Structure formats: structure tokens, C-alpha cells
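**Q** Next come the chains, spelled out residue by residue.
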Amino acid sequence: MRLKDCHNFEDFRKLAKKKLPSPIFHYIDGGSDDEVTLNRNTSSFNDYDLVPSVLNDVSNTDMSTTVLGEKIDFPLFPAATAMHRLYHHEGERASAKAVEKMGTIFGTSTMGTVSIEEIAKINKGPKLFQLYIHKDRGLTDNLLERCREAGFNSMCLTVDTVVAGNRERDRRTGFTTPPKLTLGSLLSFALHPGWTINNLIHEKFKLANIVHMTQKGTSIDKSVIDYINEQFDPAMNWKDAEYCVKKWNGPFALKGVMSVEDAKKAIDIGCTAVMISNHGGRQLDGSRAPFDQLAEIVDAVGDKIEVILDGGVRRGTHVLKALCLGAKACSFGKGYLFALAAGGQKGVEKILENMKAEINRDMKLMGCKNVGELNSLKLIHRK
Amino acid sequence: MKIKDCHNFSDFRKLAKKKLPSPIFHYIDGAADDEITYNRNTNAYNDVDLVPNVLRGVENIDLSTTIFGKKLDLPFYCAPTALQRLFHYDGERAVGKAAQKFKTMFGVSALATVSVEEISSIIDTPKLFQFYFHKDRGLNDAVLERVKAAKFDVMALTVDTITGGNRERDLRTGFTSPPRLTLSSLYSFLTKPMWGINYLTKGKFELPHLQDHVSEGTDIATSIGSYFSTMLDQSMNWNDAEKLCSKWGGHFALKGVMSVEDAKRAVDIGCTGIMVSNHGGRQLDGSRSPFDQLAAIVDAVGDKIDVICEGGIQRGTHMLKALSIGAKACSGGRLYLYALAAAGQAGVERALNQYREEIERGMKLMGCTKISDLNRNNLRFRKI
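Line by line, the protein sequences give chains A and B. Just so you know, we're using my numbering here: the first sequence kicks off at -13 and counts up by one. Just so you know, we're using my numbering here: the second sequence kicks off at 3 and counts up by one.
If you are wondering where the hints come from, they were derived from the structure by calculation, not from laboratory data.
Label pairs and their computed distance ranges (CB to CB):
1) D122(A) / K20(B): 42 to 48 Å
2) A298(B) / K110(A): 58 to 64 Å
3) R378(B) / D122(A): 37 to 43 Å
4) N184(A) / A298(B): 55 to 61 Å
5) N379(B) / R347(A): 36 to 42 Å
6) K6(B) / I253(A): 43 to 49 Å
7) K4(B) / K233(A): 45 to 51 Å
8) K385(B) / K110(A): 40 to 46 Å
9) E131(A) / K20(B): 54 to 60 Å
10) P195(B) / H367(A): 54 to 60 Å
11) I253(A) / V269(B): 41 to 47 Å
12) K(-10)(A) / K4(B): 43 to 49 Å
Counterexamples of contact, computed for chain A against chain B with all Cβ distances above 12 Å:
13) D15
14) K83
15) L130
16) G137
17) F175
18) H188
19) V197
20) K232
21) V287
22) G353
23) N356
24) E359
It should be emphasised that the depicted structure is a prediction, and the values quoted were computed from it without experimental measurement. All C-beta atoms, glycine included, are put in the ideal place defined by N, C-alpha and C.
With the rest of the complex left out, here is chain B:
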């Protein structure tokens, strides 16, 4: 199987599985507990049907949307995800360049493996930084200043990782960052020699936003679950979020808001957007899927802030459904991570192009020429 054989999400996933040592593949692929929420995130889209309109003259389609004051050519962007150089040696460099090529937003994680300064020097398209609220306030301030200096457009505070989710696949495979060889994972690393060679020869693995502050940033192997549980501040509350929001002084989002009540408070503290998300099913299993919850949130705050639907998206039509309900944009992690693992920048570009084509085709078949043509009249929820 080669990258040119990848026609959809599950093809990229298959190819990523071939390329990655299994602890790393399962770190991307897995989720919390029984993965019920992870599966529902995607299945939720299949309980609602699109009702197209015909004969509307659809030769020209405008897929652009504006979020956080920035116009994006596509109604979706690359969600911030951690540790990208584990998946491909170019890591965030590859994803950032691909996002720039398609003129959409690139989200960079606090646990990124390429620095915000370098990313700023590579791409000039909209950039979002995803912030984890650490116990070490000095670290928090330093990161905020660096991101500001690097001229990022949006700051997103993740609020759904107050403690690590129970990612059982990681427990079984012994996934740590940086990867640690164990007797049981040795075979898996040995059978993917290209990954190992690239990992060892293409620059040292680092967490540049954290390494000056925490030993975990450099070379003590830790699981992500235990990182969240030990390093992040569980006392984080609305006051902290509000202070951070005003300290940033620009477009600010909360990532991982799921209740209508919290969405309203996000408006109150000055956020300009929220990501309706359950962290890709990786945190609280059994929690509601973003798409299932989207309408309630949009109804409450959709006219005041940008609501972004994040989770489970594998198809252009999934995005059409979220946009029809009133999301301003969609985002996803696995959406491009498998493609990154499969073929680096070229892989991510291929994936983004496929989703772009899927949305454009879907829009034409829906009889819509611009994103704002999509609305709830075009949806029917199946009676269950």
C-alpha cells in the first residue's frame, strides 16, 4: 500500500499502521476506557441525513469561512495535537506547511515538538496555540509570552484534560514520550526500522515549549496520562481562564467545552470561540459526542462566539452536517495525523485535498455555493 492508494480516512489509517511502531500507532488510534465515546463521535453523524436541493447552478463554490477574525479558505483546520515528530520526523513542520498551502489554520500544541518561533518563521497563515495550564505558573507565563512574541493569532486553553484519561491501549503497549524500549515493544520497533532510523537521525526529540521548565520535556520517559495528572493544575477554575484570556488580549478559545452552561460562561469571560470537543474520545469515556451536543451549544451562544465542532470527523459530509447545524468551522486531529505518519507533508496535503474535494463535491450535490447556504432545513434527524 502506498500513499497514492489512500482515498479516504481509513486508507490513511491503514498506511499509518504499517509505518508506525505499534505503541505509537495506538497512541494516535486509541481512546479512553472502552472507546465508546470515540466510536460515537463518528457514528453520531450517521443519525442525521442531508436533504439536498437541486437545479441551483453550482459551477462555482466558495468554501471559505471566517473564524477568530481570520478568513480561511476551508471550513476546517488542523487541530493542535501533541508530539508530531513521533509520527513523522518532520512533525509540525510538515503539518504547518501543508496547512499553509491550503490556507487554513494550523493548531500547535503546548506539547509540540517544533517551537512556536520556528513555526512562525515557516508559515504566515493563521496559527493557533493550544495551552495547557501547568502547576508551574512561571512556565505558564513564559509560554504565553513566547506565543505572543511569535505572533500567533489565537490562544486556545484546553479545559478537558484536568487529569489524564484512561488510555488502556497505552497501558498495554507501554507508550511513553519519548519512546522507551521495553522488552515487549522491542519487536514492534525492530519491525519498523525506517521509523527508528528517522527518529534517531533526523534531530533530537524535544518538547521546546516545556524543556526549560520541566524535566519531562527532555528525556524522562513518561506517559501522556501521567503527564497530565502530575504536571497540570487541577485547581484551574474560571478565574484562571479569565485571567489568561485578558493576559493574552487577543482571540481566545476554550477547547473541550461540552455543556451549554459552560459555553455561556466562556462568552462571559471574553472568549471569542469554543471548541465543542471531548478530546477525540481520549478523556472521559461515555461522554457525549460533539456533534450530538452541537445544536444545543449553537442555539445558546452561536450568535455571540465562534463554535467549532471537533471530534469524529472522517468525511466531508460530516463537516457539511456540522456546518448545517451552525458550527463556524470543524477541526480534527486524526483527520491529518494518520496522513502525517503515512507520508509526512505530502501525506497531509493529500488528506487536506481529499477533504476539500469531498466538501466541494458535497456542496454541489447539496445545491449550495457557499458555507452560509447550509442550514438546519437541509437536515433530518432519523427517528430512533
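Chain A with its partners taken away, still in its complex shape:
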């Protein structure tokens, strides 16, 4: 199986599985507890059906949308995710270049493995930084200042990770960062020599954005679960979020908002957007799927704040359905991470091209010339 054989999410997932040592594959692929929410995130889209209009002259379709102050070529962007260099030795360098080429927002994480400054040099397109509030508050100020300096356009604060989810696959595989050889995982690393050799001959793995602030940054030798529980601040509250919004003084999103009440508070503290998300089913299992909750949030606050849907998106039609319910744009993590693992920069380009082509084709089939024509009348909930 090669990159050219990857036609959809599942294909990229399969190829990533071939390329990655199993603890790393399962770190991307897994959710929390029984993965009920992980599965619902995608299956929720299938409870709604699209109703097309015909004979609308769709020779030219405009997929562009404006979100977080930036016009993007199509209404999907890769969510900020951690530690890209675990999945491919070029890491964020590969994904940042691919995303720039495809004309959408590139998100990078506090837990990135290529620095804010280097990414700003590589990618001249719109960039979003994803912030975690650490117990060490100096780190927050430092990250905000560096992002402004580097010319990042928007900031997002993740609020659904006050404690790590129970990712049982990681417990079984013994996933740590940097990857540690254990008797149990040895075989898996040996069976994926391409990944292992690249990991050994390229620069040392580090959490490039926070390495200078915390010694944990270089060699955590712990699970991500332990890192989150030791370093992230569970006391984080609305005042802290408001502080970040004011300090950033630009487009700002809260990521992981699920209730209307919280979406309203996000407006009050001056946010530009909320990302409806359950962290890809990796945090609270049994929590509601973003798509199931989308209409409730849009109906309450959609005219005052941008609503971005994050979670379960694997197809162009999923994006269309979310836009029908009023989302400004969607983001996705697992899809492009599998593509990164499968083929580096080329892989990420390919999955974004695929998704863009799907959105384009599906808009034509829906009889829509631009994303503004997608609305709730074009979507029916199957009872």
C-alpha cells in the first residue's frame, strides 16, 4: 500500500498503521474509556441526511469562508495537535508547509516539536497557536508574546484538558514521549525500521515551545497522561481565560466548549470563536458528540460568535452537514496525522486535496455555489 492508494480517511489510517510502531499509532487512533464518544463523533453525522437542490448552475463553486479573521480557501483546517515529530521525522515542518500550500489555517500546539519561530518562517499563511495553561503561569505569558512576535494570527485556549482522559490503549502499549523501548514494544519498533531509523538519525525529540521553561520538555519519559496531570493547571477558570484573551488582543478561540452556558461566557470575555469539541473523544467518554450539540450552540450564540466544529470529521459531506447547521468551519486532527505518518508533507497535502475535492464535488451535488447557501433546510434529521 502506498500514498497514491490512499483515497479516504480509512486508507490513510491503514497506511499509518503500517508505518508507525504500534504505541504511536494507537496514541493517535485511540480514545478514552470505551471509545463510545470517539465512535459517536463520526457516526453522529450519519443520523442526518443531505437534501440536494438541482439545476442551479454549479459550474463555479466558491468554497472559501472567513474564520478567526482570515479568509481560507475551503472551510476545513487541521486542528492543532501535539508532537508531530513522533509521527514523521519532519514533524510540524512537513504539516506546516503542506497547509500553507493548501490555503487554510495551520494550527500548532503548545506541545509542538518544532518551535513557534521556525514555523513562522516556514508558513506565511494564517497560523493559529493552541495554548495549554500550565501551573507555571510564566509559561503562558512567554508563549503569548512569542506568538505575537512570530506573527501568528489567532490564539486558541484548550479548556477540556484540566485532567488527562483515560486512554486505555496507551496504558496497554506503554506509550511515552519520547518513545521508550520496553520489552513489550521492542518488537513493534523493530518491525517498523523506517520510522525507528528516522527517529534515531534526525535531531533529538523535544517539545520545542516549552523546552526552555521546563526540563520535562526534553525528556518526559512519561506518558502524556502523566505530563498533563503534573503540568496543566486544574484550577484554570474564566478569569484565566479572560486574561489570555486581553493579553492576546486578537482573534481568540476557546477549544472544547460544549455547553450553551459556556459559549455565552466565551462571548462575554471577548472570544472570537468557540470550537465545539470533545478533544476527539480522548477526554470525557460518554460526552456528547460535537455534531449532536452543534445546533443547540449555533441557535443560542451563532449570530454573536464564530462556531467551529471539531471532531469526527472524515468526509467532505461531514463538513457540509456541519455548515448546514451553522458552523463557520470544521477542523480535524486524526485524518491529517495519519496522512503525516503515511507520507510526510506529501501525505498531508494529499488528504487536504482529497477533502477539498470532496467538499467541492458535494457542494455541486447539493446545488450550492458558495458555503452561504448551505443551511438547515438542506439537512433532515432521520427519525
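Place chain B on chain A using the hints.
**A** Only chain B this time, still in chain A's reference frame:
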């Protein structure tokens, strides 16, 4: 597979399956008829979703709840289950000590294999006794007096076992209590020699609350289904329950109430709590799951008595959902029985600790710092 590899309910179940002779494993694992209710008991939780709140400052979480006038450190407890020394030679001693360690309630069955007196001498945390209404009224009175003398806190009358459920796995495996060797089960007992050695060397198997009254208590092998059908009084009615309640004179619950009408009558006869339960799917197959029925019951009597949700719970998030609807606490049997079979007291402690961690983590992710923060605004029922 070892106990340290057990990270969730299904891991404990797997390990229990390895350790137990199959008739005993299937006695725990099985349920009535086609096990539709048994499966629904757990699946019901997946038809409702949690909606968290964020940025609430969740560094300190209080998981305590008060039921039957007793404060428990955890919002769940060990439901009374029968015959625990069949599953591990320490039986109720192991479960009782583990429950004490986590400062939660321990339920002891009328069909327990360790006496109420001994349990009282081992643990000083809240204790519930589960009562079966036998035809032999002398037995009923004697048991009540013993439990009272042993200073138990709560009496729970089981009302859903008026006759034995059709547990087909037991029919197939030939499960009896005490275990009887048959040609077909011999192989299963021989392949789990440690269970057999412990069973034969760690003290005689007894039903101490019944042995002075019924021959079934000592050594005539009988199935649990036939025990219910022959020994329990099918004429039991609300008058009997009311008399028992006043005779006990303390916190009294009915276990196995499923209708709103019955929940209201439980209030009328002086109960201080009810367990919404279908006996773990082991009695009437096709009956409604406790979680599906919970909201209706809470709406009717939740402000008057303690409503406890029992059945199908395998995760901390399942408990969060039941508590959000208005249950005062949750309880479960298989929740700790597989762990008991897997590793005795250490196993039960590991299981209780896991559920405690799951609830605490879930509370933090929900943005809740105490149990009363959970409410129905945080739930959405999926449209079906």
C-alpha cells in the same frame, strides 16, 4: 494476564474467567433468558450524552454522598451479592474490608457465606443487609434479630425474586450451591486446580444466616433458581413489607422497585430508600433497565426517599449519568465480583480505586466539584 493488567471492568471479567471453574463464572456472568435486559442495562447509558462545563477551577473534588443517613466517601457502594466464598475463598471478608478502606457501604446478602456477626467484627463502616422473605417466618424473625444485634445500618428487602429467573447458563453448566461435581463440569473444575484447592482447604462453605433453619443452607446442592422458587414466600405483599419495615425500625429499603406506583407505595410504608434494579438482568428478561426508568422514579419520589440506581454500571461516567438524573448513589454487583474472583481483597480494592478515579476524572472534565453539581442540564438524550 495479571491483576496489574486490569484497567477496566472487562479486564477484571476476563481475569475472573481464567480463574473460575466455568459453572461459577457463568453464574456471575449470566442472566435470564436471552439476556436482553442484562445487555440493555449497560447500553442504556450510551443513549445519553454528557455535556461538560469548562473553566470552573476543579483542583479539589468532593465525591461524598449521604444515603440512609450515612455519609459515604464515594457515590457508589458494593451491592449485596450471594455466595461470595464461591468466587474467592475470602468471600465477604475481602469485599467488606475493601469497602471499609474506601469508606463506602458494604451490602451483605441473606445468602452470604460469612456471618453478619463476623462482618460486624471486621468492619465499622456502613453496612446494609439484604433480606429474602422466606416461607419460614421463624427464619425471617431470627435473621432480623441477628442483623439488628450485629448493628447493621440498613435493611433492604429484595422484592424482585419472588420466583427464580430462568438463568439458562446455569442450566447448561449445572451450577449448584455448594458446587456439585458432574461429569460435564468435572473438566472445568480440574482445569482450575487453585480454585478447587482453596475451596477445599480454606474453611467449609456455609450459608450462616440460613443453616440452622434450612437444609439447603448446609450441604444439599441446589440451584439458586430453585432455592428462590421453593424457599421464598410467593404470597409476600405490601403488608408483609410494611410489617418488616416497622419491625426493623431503622433505615429500610426495597430492592428491585421498577414502577413509579411501587416507588410511591414504598414511601407510604415508611421506606427511606429504594434500589431501582432488575437484579442485574437475572430475573425478568425484557424488563426495563434501571437507568431507562430512573428519571420517572426520581421525579415521583426523589425528594422523599433515597433513590439508588443499580444495574449495568461498568464505568465512572455511567455513574455520573445516573447521579445527574437524580440518583443519590449507585451500586453494582458484577462491578466488584469479577475483581473479587480475580484477586480477592486486593482485586476489589483495585476495582473500587479505578471507579473512584474514573468518577473523579469525569467530574473534573464535567467541571463539577461536588456530586450535587451534577444535574439534568448536563445531559442530552439522543434522538432515536
